[in-house]
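**Q** Throw the hints in and build the complete structure from the sequences for me.
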Amino acid sequence: MTSATAGLAEGAADSTSNAMSHAIPTSDRPPTSTATQWWVLTIRVITPTLRNGEVLTQIATSIMFTVGYYIPLKNIMGAFVVGMSYGQYLMPLIALQAVAFAAVSAAFRSATDSVEGINKRFKAMAIGSLTPLASRMSASTYRCVIALATALVCGYVIGFRFYGGWLHTVGFCALMLLVGVALSLLGDLIGVSNENPEATVPVMLVPQLFFGLLSVGMQPVERFPEWIQPFVRNQPVSQFVYALRALAGDSADVPGTVTWANVGPALAWIVGLIAVTLVLHARASTRRN
Amino acid sequence: MAAVTPIHDARLHADVIPPDPWSDAGQSGRHRLRRHWENSPRRFFAHTWVMTARVLRRWIRDTATLVESLVMPVVLLVTLDIVLGDNIKAVTGDSALYGSVPLMAMVGAMTGAMVTGISLMRERTDGVLARFWVLPVHRAAGLLSRIAADAVRITLTTLVVMGVGMGLGFRFQQGVGPAVLWVLIPTILGLAFTGAVIALSLYAASTVMVELSEGIWAVLMFFSTGFVPLAQYPEWIRPVVEHQPVSCAIEAMRGLSIGGPVMRPFLEMLGWSAGILLLCALPLAIGFRRASKRG
Numbered sequence: 001m002t003s004a005t006a007g008l009a010e011g012a013a014d015s016t017s018n019a020m021s022h023a024i025p026t027s028d029r030p031p032t033s034t035a036t037q038w039w040v041l042t043i044r045v046i047t048p049t050l051r052n053g054e055v056l057t058q059i060a061t062s063i064m065f066t067v068g069y070y071i072p073l074k075n076i077m078g079a080f081v082v083g084m085s086y087g088q089y090l091m092p093l094i095a096l097q098a099v100a101f102a103a104v105s106a107a108f109r110s111a112t113d114s115v116e117g118i119n120k121r122f123k124a125m126a127i128g129s130l131t132p133l134a135s136r137m138s139a140s141t142y143r144c145v146i147a148l149a150t151a152l153v154c155g156y157v158i159g160f161r162f163y164g165g166w167l168h169t170v171g172f173c174a175l176m177l178l179v180g181v182a183l184s185l186l187g188d189l190i191g192v193s194n195e196n197p198e199a200t201v202p203v204m205l206v207p208q209l210f211f212g213l214l215s216v217g218m219q220p221v222e223r224f225p226e227w228i229q230p231f232v233r234n235q236p237v238s239q240f241v242y243a244l245r246a247l248a249g250d251s252a253d254v255p256g257t258v259t260w261a262n263v264g265p266a267l268a269w270i271v272g273l274i275a276v277t278l279v280l281h282a283r284a285s286t287r288r289n
Numbered sequence: 001m002a003a004v005t006p007i008h009d010a011r012l013h014a015d016v017i018p019p020d021p022w023s024d025a026g027q028s029g030r031h032r033l034r035r036h037w038e039n040s041p042r043r044f045f046a047h048t049w050v051m052t053a054r055v056l057r058r059w060i061r062d063t064a065t066l067v068e069s070l071v072m073p074v075v076l077l078v079t080l081d082i083v084l085g086d087n088i089k090a091v092t093g094d095s096a097l098y099g100s101v102p103l104m105a106m107v108g109a110m111t112g113a114m115v116t117g118i119s120l121m122r123e124r125t126d127g128v129l130a131r132f133w134v135l136p137v138h139r140a141a142g143l144l145s146r147i148a149a150d151a152v153r154i155t156l157t158t159l160v161v162m163g164v165g166m167g168l169g170f171r172f173q174q175g176v177g178p179a180v181l182w183v184l185i186p187t188i189l190g191l192a193f194t195g196a197v198i199a200l201s202l203y204a205a206s207t208v209m210v211e212l213s214e215g216i217w218a219v220l221m222f223f224s225t226g227f228v229p230l231a232q233y234p235e236w237i238r239p240v241v242e243h244q245p246v247s248c249a250i251e252a253m254r255g256l257s258i259g260g261p262v263m264r265p266f267l268e269m270l271g272w273s274a275g276i277l278l279l280c281a282l283p284l285a286i287g288f289r290r291a292s293k294r295g
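Chains as they are written, first to last, in our numbering: chain A, 1 to 289; chain B, 1 to 295.
Bear in mind the hints are in silico, worked out from the structure with no lab data behind them. Every value quoted in this text rests on a predicted model; they were computed, and no experiment measured them. Possibly wrong hints are sitting among the right ones.
[Claimed, not checked] Distance condition first, Cα-Cα at most 20 angstroms in a straight line; then the derived SDA-like pairs of lysine to any residue: (1) B:89 to A:223; (2) A:74 to B:234; (3) A:74 to B:86; (4) B:89 to A:76; (5) A:74 to B:270; (6) A:74 to B:230; (7) A:74 to B:231; (8) A:74 to B:242; (9) B:89 to A:226; (10) B:89 to A:225; (11) A:120 to A:34; (12) A:120 to A:278.
**A** This is the structure in structure tokens:
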């Protein structure tokens, strides 16, 4: 190629790039910050829930857990609960089950995304590796907030009250949402790993009901057979219930004492669960690259 | 060079050549090809059997269905026995298993139906339903094969739950005949629930379908006479608890195992099953046709 044609080619390239830069000025280009990407992907998950009735079903399931546990068990279990109403006693478990159910939806959503190939598409795009996960977690937190708010309203109807100060009330809600995030992370991992939406629901629901029923959320530990009492006392749901009860208080006379002894184990379970799940998430994402 | 092997095909001989399918001048459209018409009653059973076997094979290879159908009711049965067993025995004098074993058989029937719904949604999205629609497969086979496969799944689940229940102390005190009928009751009501879940899955968004069906079975479980005795519910809700479909099935199964009224709850349960299926039949047919034509 002669120097003249080379010069022409360069000129053409320059004019093309100039034309392109004039067509889309740099200042007008949409920002591609991680925060924007996170927001767009979060809205992508949240928007359909407002259209397809998912929010209503989330509210309905929270109500269902309240009436489903409280009405049948009030007479048969309430007699064994001393020092507080059965509504006050049961409320932490109801809220935990409602939030855990929101995490089941997270698992189902991530499995559906995986099987439809959306996650692979994200990996091929200029998106931070943790941004899709962060957006799914934000959407799950939104679901957990709805579940928790509904559960608290239902709890108020059955006689639950916050007897601690406003700080304890905030602590109760924060701990509930932390549990929700931990369970959503776990659900998301299950969904991403098995890429089978059918499998996510039972894999999440069986432990939810098993740990929920075999916890101090329904009846005092002394009411369980002696051989299973150590498990019931120390399993994570029971530890969450102990912490939530301490934050909510028992009655107007006993506002509840929050100590490391009753809140520490719950926080340890949450931190441990989040840490392990994040490590497994990282392994799952590298394995699938 | 190797010799070319002649093809020996009986159809090449003049005496066994099938009649020309186009020779029926008096008939038009698909009826002209009567021998090849996929919607003939003769094809119905063969096609439904093949499709049912396909669904069952998929389930056997799928962990989700096994967990949902077998592990979940068994785990819940053992858990309920630990948590509520002594309390209920103290109140009623009878073992709680005569309520909780039938309840868990019903839960197994209902929760497994949800997996059927989700897998149907996936097949719709993947275009499998549309592919079957353009193949010479009997139109009713696709839908009825799922219901037939569910009948097999529910019966197996009931037998597994019954076996675990017997390990915990559940016994049939009324003989073999009632025991056989006991096993069939969850299948009857379970198929009605399957019909409802499939109908829901053909119209609703996937996450909504999952949450709604889970919510429905949980309500039916918590507000049934298998969870806690009827007398333990507040008076205002007892009529609802007593006459809801799962309670009717449980009471009939209780009567067939330990003794008590059977006919009234059994007929009530049959009425519920027939009502649910009749209510879902038209939406099911229309929804399945629409889902199959999409894509």
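**Q** Against this structure, judge whether each hint is valid.
**A** Results of checking the hints against the structure:
no., hint, in the structure
1, B:89 to A:223, "holds, 14 angstroms"
2, A:74 to B:234, "holds, 9 angstroms"
3, A:74 to B:86, "holds, 16 angstroms"
4, B:89 to A:76, "holds, 11 angstroms"
5, A:74 to B:270, "violated, 31 angstroms"
6, A:74 to B:230, "holds, 13 angstroms"
7, A:74 to B:231, "holds, 12 angstroms"
8, A:74 to B:242, "holds, 18 angstroms"
9, B:89 to A:226, "holds, 18 angstroms"
10, B:89 to A:225, "holds, 14 angstroms"
11, A:120 to A:34, "holds, 18 angstroms"
12, A:120 to A:278, "holds, 19 angstroms"
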